[in-house]
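**Student:** Listed below, chain by chain, are the residues.
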Amino acid sequence: MTTSDQVRLDVPARRRTGLGQRIWDARAVYLLMLPGFVLILMFSFYPLVMSWYYAFFDWSGLDAAKYFVGFQNFRDLMADEYFWKAFGRSAWFAAVATPIELALSLALAIVLNDRSLKLAPVFRTLFFIPVVTTTAIVSIVMSMVFSSFNGPANQALQSLRLIDEPIGFLTDPRTVMWTAIGLFVWKWLGQPMIYWLAGLQTIPQELYEAAQVDGAGWWRRTISITAPMLTPFAIIITLVVLVGNMQVFAFMQALTHGGPYFSTEVMELYIYRMAFGAQGQVSTQRLGYASAAGVLFGILLIVVAVAQIFAVRKFRRGGGGFAGAPR
Amino acid sequence: MTAGRVRRLVTYAILTPLAFVWIYPFLWMMSASVRPNGKVFAGLGLFPTKWYWSNYAAAWVDAEIGKYFLNTVVVTVSGVAIVVCTTATMGYALGRYAFPGRRILVGILAALVFLPQGYTIIPIFDLITKLNLDGTLFGIILAESGQAHIIQLLLYAGYFRQLPKELEESATMDGAGFFRIFVQIFLPLAKPVTATVIILQFIASWNDFLLPLVLTLSQPDLRTLAVAVYSFQGENFTSYAQMNAASTISLLPVIIVFLFLQRYFVEGIAGAVKQ
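From first to last, the protein sequence lines stand for chains A and B.
With our numbering, the residue at position 7 of the first sequence is 411, and numbering never jumps.
With our numbering, the residue at position 81 of the second sequence is 567, and numbering never jumps.
It is possible that part of the hints are untrue.
[As the list claims (entries may be wrong)] Computed footprint of chain B on chain A; a stretch qualifies when at least three of its residues, placed anywhere within it, have a C-beta under 8 Å from a C-beta of chain B:
no., region
1, 431-437
2, 478-485
3, 492-498
4, 531-542
5, 569-579
6, 691-703
[What the hints assert, rightly or not] Derived, one-sided and incomplete: chain B residues facing chain A with beta-carbon distance under 10 Å:
no., residue
7, Pro511
8, Leu617
9, Ile689
10, Leu711
[To be verified] Derived SDA-like pairs: lysine to any residue, alpha-carbon spacing no greater than 25 Å straight-line:
no., chain 1, residue 1, chain 2, residue 2
11, A, Lys522, B, Ser540
12, A, Lys489, A, Ala499
13, B, Lys616, A, Lys489
14, B, Lys553, B, Ser540
15, B, Lys536, B, Leu495
16, B, Lys677, A, Gln605
17, B, Lys677, B, Leu653
18, B, Lys525, A, Glu569
19, A, Lys489, A, Pro503
20, A, Lys522, B, Ala505
21, B, Lys525, A, Thr575
22, A, Lys522, B, Ile742
Worth flagging that the hints you see were computed from the coordinates, not collected in a lab.
Model, not experiment: these values are computed from the prediction.
Glycine residues also receive a C-beta, built at the ideal position from the N, C-alpha and C atoms.
Let the hints inform the model, and build the full structure from the sequences given.
**Tutor:** Here it is as structure tokens:
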């Protein structure tokens, strides 16, 4: 969103540039933006500020009184073993799922980018379908498919003689996180695949043709042309996928409820349990405490995002051909 | 050129079974939805010998999926209408005009991009209650519409920015005011973006989970499909066949909408990365 080529309101306004005058001149613009701005203010900006405010209160339910407790919630969180475990699970989940998701989606995108592959759009559509489906409902269907009691996944593995005993995909605390990561990658793989395809399509076809004339093979072309041309996209795609992989509430809540024995209770599930109680029983609400956990988690996400934005900036300044302008 | 043909055949030979496994869970879900409850987990075959459509009737009426379906349609249609209006107007202003405070507004919006939804759910819950909107679908609609729809906004801003200045100039000479220029000239030109925003928002609203879950904790009648099917797990709904029928009813609309309008959808999310 650069300011260079914007239409100036009231073109000869150069001579009277007082701020009040400029605001008055732009009154129609403000009026046009007002409804959208008010909604964002109410349901995005105000909640952001208030979650910081609530973090300093002991508040046990919407109707209950709030008591100011200073940094007590944060001190309690630091000493809460469940908080740290949830924190670690979120970080681990994202750290494992992200590289798998990025690598597989890139491989798929490179295969599907082949113009001679007439059916590529059909496959692209099929691989993308899980992305558009309702996450919570897909998780519930998957909890049946991967049921340790006769679920089709176990039946298939058994009939292929790959396993003798059914695997407790979602009931064994040692395997459940891996099942969740695998299913999560399945659910969202199509999204980075489309991002990669968008990146691949910006590479001029002539580059490949020229390289082919020079006798460069497929691997050579991939390493010398595709990889460097995709790098600027890779940074932004990694950012989007990484931040997305730390926000898995609907997926995990519907798949496991954080169980068995809290083994999949990631950060958002912990926050939800603190705020609204297990299974939504509104009895053990600790809204201030949950807000404090949310604040800490939010800071972590923002740190990750800002670090990556700096990486993008640095790369652009370094002369990557990835201009911010749309189209 | 036979080497290329062999490579293509090998590629298809790998991709085809992979794609089948990829969508097998959805095929299994549809198959299980027309089996008797006792046969849901019987075998891997997808075609039942006898089709039990009664599962759908039971889910629709007894499990009140019909009611939740209607809730979801109301929430989705209203959400799409509001988000198209707010992102088009804000995108037009941000993409085309320099005005005091523009940088601050862009800064606020940028800060909201990476805001996790779970982070703000408690104040939203509190605000909706204070506004006396708990117990209405309107509360869910407003809360969803008030999330920062940055991708949609950027799509509009980027599109409006690259349109020529002469459009305004000639319209102004014809005597059209600011709002008329926007509604009658620019908005119709942005139809491709509007199509993308509609489908992006349709899928986002239909699939949304955390907001409707929290806002209907004490109002089961207002549940959307995602929340309703999720809630069946813990409640007195043990028929796996009906569960699959309910899931199919919930998932088919988005899948169908996606299949028919995927061009716009794919352009939208690909555009998000290009920006």
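**Student:** Taking the hints in turn, state whether each one holds.
**Tutor:** The hints, checked one at a time:
no., hint, verdict
1, 431-437, "holds (count 5)"
2, 478-485, "violated (count 0)"
3, 492-498, "violated (count 0)"
4, 531-542, "holds (count 11)"
5, 569-579, "violated (count 0)"
6, 691-703, "holds (count 7)"
7, Pro511, "holds (5 Å)"
8, Leu617, "holds (9 Å)"
9, Ile689, "holds (5 Å)"
10, Leu711, "holds (7 Å)"
11, A:Lys522 <-> B:Ser540, "violated (41 Å)"
12, A:Lys489 <-> A:Ala499, "holds (15 Å)"
13, B:Lys616 <-> A:Lys489, "violated (34 Å)"
14, B:Lys553 <-> B:Ser540, "holds (18 Å)"
15, B:Lys536 <-> B:Leu495, "violated (37 Å)"
16, B:Lys677 <-> A:Gln605, "holds (24 Å)"
17, B:Lys677 <-> B:Leu653, "holds (16 Å)"
18, B:Lys525 <-> A:Glu569, "holds (21 Å)"
19, A:Lys489 <-> A:Pro503, "holds (22 Å)"
20, A:Lys522 <-> B:Ala505, "holds (16 Å)"
21, B:Lys525 <-> A:Thr575, "holds (22 Å)"
22, A:Lys522 <-> B:Ile742, "holds (23 Å)"
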